[in-house]
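Asker: Given next are the chains, with one letter for each unit.
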Amino acid sequence: MGVEAVPINPRELRGYRFGLVLFLFTQAVPFVVLYAVEYYFDAFYISPATNQWLGAVEVLLMILAWTTGRSGLAAMRHNNLSGLISGFRQSLVLGLANLVVLGYQWGTRFVPPGTRYGEIFYTVSGVTGFYTLVGLFVVLAISIRAGRLRFTSENCWDAEAAMYFVTFSLLTNVVTYLFLYWI
Amino acid sequence: MAQNIVTEATPYRTRPTMPPVLRGFLWAAIGFLVLNMATIAVDPFRGHPFITEISAVIGWVGGVIGWLLGVGGWEGVVLPLFGVPNPWVAAPGWRKYLELSTEHKVIGIQYLISSTGTFGIAGLLAMGIRYELMQPSLHFFTYPDQYLTAVGVHGTLMMFAVGTVALVGGLGNYMVPLMIGAKGTVFPRLSGIGHWLVPAGVLTVIFSPLFGYWTTGWRGYEPLASQDPSGIIYYYLGVAALTLSSTCVAVNLAATIVFHRSNGVTWARLPLFVWGILTVSLLNLIWLPEIQMTFVLGLLDRLVPFNFFDAIGSPLNYLSLFWLFGHPEVYIVVVPALALWNEIIPVMAQKSLFGRSWAVIGLIFVMMLSGLVWAHHMFTNMRNSEMFPFSFFTEMISIPTGFSFLAAIGTLWKSRYRLFTPGLLVIMSMFNFLVGGLTGVFLADPPVNLEVHNTFFVVAHFHYTIIGGMVFTWVAAMYYWIPKLSGRMYNEFWGKLLAIVIFIGFNGAFSQMFLLGLHGMNRWVPAYPPYLKPMNYEVSLFAFLLGAGFIGHGIHLWWTWVKGPVTPDNPWNGRTLEWLTTSPPPPENFNGEVLVTGSFYRYDIDKPAAVLHPPE
Ligand code: HEM
Ligand SMILES: [Cu+2]
Chain A
47 MGVEAVPINP RELRGYRFGL VLFLFTQAVP FVVLYAVEYY FDAFYISPAT NQWLGAVEVL
107 LMILAWTTGR SGLAAMRHNN LSGLISGFRQ SLVLGLANLV VLGYQWGTRF VPPGTRYGEI
167 FYTVSGVTGF YTLVGLFVVL AISIRAGRLR FTSENCWDAE AAMYFVTFSL LTNVVTYLFL
227 YWI
Chain B
247 MAQNIVTEAT PYRTRPTMPP VLRGFLWAAI GFLVLNMATI AVDPFRGHPF ITEISAVIGW
307 VGGVIGWLLG VGGWEGVVLP LFGVPNPWVA APGWRKYLEL STEHKVIGIQ YLISSTGTFG
367 IAGLLAMGIR YELMQPSLHF FTYPDQYLTA VGVHGTLMMF AVGTVALVGG LGNYMVPLMI
427 GAKGTVFPRL SGIGHWLVPA GVLTVIFSPL FGYWTTGWRG YEPLASQDPS GIIYYYLGVA
487 ALTLSSTCVA VNLAATIVFH RSNGVTWARL PLFVWGILTV SLLNLIWLPE IQMTFVLGLL
547 DRLVPFNFFD AIGSPLNYLS LFWLFGHPEV YIVVVPALAL WNEIIPVMAQ KSLFGRSWAV
607 IGLIFVMMLS GLVWAHHMFT NMRNSEMFPF SFFTEMISIP TGFSFLAAIG TLWKSRYRLF
667 TPGLLVIMSM FNFLVGGLTG VFLADPPVNL EVHNTFFVVA HFHYTIIGGM VFTWVAAMYY
727 WIPKLSGRMY NEFWGKLLAI VIFIGFNGAF SQMFLLGLHG MNRWVPAYPP YLKPMNYEVS
787 LFAFLLGAGF IGHGIHLWWT WVKGPVTPDN PWNGRTLEWL TTSPPPPENF NGEVLVTGSF
847 YRYDIDKPAA VLHPPE
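If you read the sequences in order, they're chains A and B. If you count the first sequence from 1, position 104 lands on 150 in the numbering used here, and the numbers rise without skipping. If you count the second sequence from 1, position 555 lands on 801 in the numbering used here, and the numbers rise without skipping.
Don't read these hints as lab results, they were simulated from the structure. Glycine is no exception: its CB is placed at the ideal position from the N, C-alpha and C atoms. Do not take every clue at face value.
Stated by the list, open to error - Cβ-to-Cβ under 10 Å is the rule here; a few derived chain B residues that face chain A: (1) 329; (2) 330; (3) 433; (4) 496; (5) 498; (6) 506; (7) 530; (8) 535; (9) 536; (10) 537; (11) 546; (12) 550; (13) 554.
To be verified - Calculated from the model, a selection of chain A residues having no Cβ within reach of chain B, i.e. all distances over 12 Å: (14) 92; (15) 94; (16) 99; (17) 103; (18) 110; (19) 113; (20) 119; (21) 120; (22) 123; (23) 128; (24) 132; (25) 140; (26) 147; (27) 223; (28) 227; (29) 228.
Unchecked claim - Some chain B residues near chain A, calculated using beta-carbon distances under 8 Å: (30) 327; (31) 328; (32) 493; (33) 500; (34) 504; (35) 532; (36) 539; (37) 543; (38) 563; (39) 567.
The whole structure should be built from the sequences, with the hints applied where relevant.
Answerer: Dropping the structure here:
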């Protein structure tokens with residue numbers, strides 16, 4: 047392709063890290079709004095119609111997606127490019143599985159949408175799912191990019207960045223789970 | 247994210263076959279149609295019209311994506327993200343303003359052009375509003391809802407595409423890297439794509455009435471919004487695009503300020519305007535996502551439909567969520583202007599900035615307090631016992647705001663102020679903002695507020711702060727920096743004359759609005775009792791003068807840009823870093839390494855604040 051990755055200088059790297067973390071912090075704000083609105087309308091009410099197990103499975107899948115992605119990144123730090131790519135691909139599949147379970151929950155309408163709790167349930171889980179989807183898109187893009195640009199252990203910022211997104215998805219999934227099913 | 251590509255190794259780079267903006271429109275149309283039809287295709291209920299509320303939303307997303315890819319996002323962002331190099335070379339000459347760019351100076355000008363264009367359109371609507379209000383009953387608009395839509399589109403565009411954008415996306419993008427001695431920004435692609443969200447958002451808001459007149463004004467008030475026709479949807483979406491653009495700017499500039507300062511630009515030396523942009527960026531980063539999610543909830547209310555904010559939900563909850571963002575928003579508009587006063591005044595006075603650190607502290611405290619006062623917009627909906635803290639904090643904000651005044655006045659004190667056009671406009675802006683701020687303190691008093699809430703007194707107050715404070719300062723900054731932007735100098739006579747014209751037009755129009763409000767003139771109604779006609783008639787005449795004055799400034803600045811006499815690199819003898827380089831600056835900003843050794847605001851020492859070491 048005539049393209050190769052060049053190492054990023056440390057200051058630039060710090061700039062990227064800071065910027066991305068800053069961005070992810072801002073993206074926590076919409077979730078705060080949602081949880082506040084949930085509290086406003088539902089206080090601590092949990093609908094008995096929710097399926098606790100499926101909620102837990104979603105979180106579990108996200109934890110696994112995070113772990114595999116993380117091990118991919120760890121492999122990259124030892125210059126193992128194929129390890130990175132396979133780790134990210136597994137992470138992608140697990141993340142998609144999380145969305146499939148969410149889709150199943152939505153499809154069955156266990157939780158009736160026309161209730162106060164239902165409105166909150168579909169909104170909060172939907173927004174969380176949307177952010178998960180975006181994170182997965184980044185993982186996919188970077189796993190392709192990693193192969194094309196031949197990342198090295200010194201130059202794998204993009205993979206690190208993708209993991210920031212996955213971490214964000216994990217956190218939002220966990221907190222959403224707590225708010226929807228526990229408090 | 248995608249900066250680490252060696253570009254020299256890509257020999258086959260070309261120019262696009264179709265002008266990018268044209269392709270943007272084409273791809274936007276395709277994107278809209280594809281997603282619109284896809285939505286219709288999966289619609290379980292047959293027999294809906296070709297465009298429904300839901301398909302219009304999903305189609306809009308396709309349209310915006312098509313637009314962003316079409317103007318250069320495909321080549322400049324998506325391909326590099328997947329590891330394919332950008333096949334385009336940057337356009338030469340003026341064409342570079344009409345496609346995605348990664349150079350902060352080009353992006354800054356793009357934002358300025360978009361903002362100015364929007365200012366013209368929204369200003370035209372204002373003229374329509376004022377023409378209507380020359381008579382006590384409908385004569386220009388056909389329906390009351392038409393009038394309300396005009397007011398809503400006017401306010402929405404002015405707030406989200408001008409007030410929030412011109413000084414930050416525009417002058418901020420252009421000047422901040424220069425002022426900190428940087429050669430570029432941290433996220434150039436993000437920043438480049440961010441600009442093109444502005445035209446997308448503006449067009450969305452402008453064409454929203456095609457889906458039905460919406461009546462809520464720029465605040466999208468509930469439960470009105472949930473009863474409005476579908477046009478309100480494009481208000482939500484347009485604002486979403488515009489706020490997303492400002493979020494991109496905030497992330498990019500904040501990271502740039504923290505990490506790309508050149509040698510010697512310590513925090514203690516950071517220029518005032520850069521401080522202003524940093525504080526505003528923090529406000530943007532917190533509050534723009536907040537309003538976006540609020541609008542998503544509003545959208546869901548319509549589309550699903552849910553009942554978060556409508557009459558069986560909680561309209562009051564919407565009001566709180568809106569003003570939680572809304573009050574910081576007014577400071578997003580005005581903080582860069584406060585910073586600019588103290589940027590321009592020391593240069594015009596050639597005198598050291600008085601109380602520099604207090605000016606900075608003022609900006610920071612304004613930023614922090616601005617999140618604590620939102621309910622002063624809702625006094626009419628509150629219990630008496632809840633009002634006090636909000637009233638208190640609102641009045642407290644005038645203290646840090648005052649710091650900016652004190653620094654400016656202290657600098658002016660006994661100086662030999664050079665009353666060039668930018669200097670004159672800054673003084674005018676300070677006067678206007680003083681009127682706006684003082685009337686704000688009155689408004690923060692519940693007894694006064696309950697009387698004049700939703701009257702023209704409030705309209706006058708916020709126009710004094712926004713036009714009088716921010717727009718006047720924007721014009722001042724344009725005159726101050728046009729030599730930097732273009733290497734050319736404006737005409738002093740025309741600059742001053744036009745400054746006086748807008749000052750008279752502005753004060754003539756808006757000072758009388760205070761009186762109108764006190765006499766019982768309500769907002770949000772195109773008709774009023776006939777005894778208010780004479781004053782309204784006069785206000786409109788002054789408003790037209792103001793409009794003409796702004797057009798005059800626009801023409802004059804444009805003339806300067808293309809034909810004005812060539813000027814030296816540092817015509818004002820300024821000490822900040824943007825004056826260290828050529829006018830206009832080279833693509834890399836500085837030919838060499840910048841080393842800062844002194845304060846930018848000390849005029850009592852002859853040694854320059856910085857030196858430029860030419861490259862070996
Ligand atoms: C000392 C500073 C200020 C104080 C104490 C203050 C106070 C207030 C109060 C109490 C209101 C509510 C009036 C009502 O609707 O009943 C208000 C409205 C408003 N203020 Fe201010 N204000 C200040 C500065 C500003 C600044 C700097 C801006 C903008 C740059 C601004 C823009 C607005 C706007 C846009 C509204 C009306 C929004 C609407 O109803 O559509 N204010 N202000
Ligand atoms: Cu306010």
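Asker: Would you check whether the claim that residue 103 of chain A is not at the interface survives, using Cβ distances to chain B and the 12 Å cut-off?
Answerer: holds (26 Å)
Asker: Quick check on the hint: residue 550 of chain B CB to chain A CB, less than 10 Å?
Answerer: holds (7 Å)
Asker: Evaluate the condition: distance from the CB of residue 113 of chain A to the nearest CB of chain B exceeds 12 Å.
Answerer: At roughly 23 Å from the nearest Cβ of chain B, residue 113 of chain A sits farther out than 12 Å, so the non-interface label holds.
Asker: Does residue 498 of chain B hold up as a contact with chain A if the rule is Cβ-Cβ below 10 Å?
Answerer: This hint holds: residue 498 of chain B lies near chain A, its Cβ roughly 7 Å from the closest one there, short of 10 Å.
Asker: Once the closest CB in chain B is found, is it more than 12 Å from residue 223 of chain A?
Answerer: Answer for residue 223 of chain A: holds, closest chain B Cβ roughly 19 Å.
Asker: Report holds if the minimum CB distance from residue 132 of chain A to chain B is greater than 12 Å, and violated otherwise.
Answerer: holds (18 Å)
Asker: With a cut-off of 8 Å, does the beta carbon of residue 567 of chain B approach a beta carbon of chain A closely enough for the hint to hold?
Answerer: holds (7 Å)
Asker: Residue 120 of chain A clear of chain B by more than 12 Å, beta carbon to beta carbon?
Answerer: Non-interface label stands for residue 120 of chain A: nearest chain B Cβ at 20 Å, farther than 12 Å.
Asker: According to the definition I'm using, a residue is off the interface if its beta carbon is farther than 12 Å from all beta carbons of the partner; does residue 147 of chain A meet that for chain B?
Answerer: Non-interface label stands for residue 147 of chain A: nearest chain B Cβ at 21 Å, farther than 12 Å.
Asker: Is it correct that the beta-carbon of residue 92 of chain A has no partner in chain B closer than or equal to 12 Å?
Answerer: holds (19 Å)
Asker: Would the hint on residue 327 of chain B stand, with a C-beta cut-off of 8 Å toward chain A?
Answerer: Hint on residue 327 of chain B: holds, closest Cβ of chain A at ~5 Å, below 8 Å.
Asker: With chain A as the partner, please determine if residue 563 of chain B meets the hint condition of a C-beta pair closer than 8 Å.
Answerer: Holds: closest Cβ of chain A sits about 6 Å from residue 563 of chain B, inside 8 Å.
Against the hints set out earlier in the document, no violation occurs for any number.
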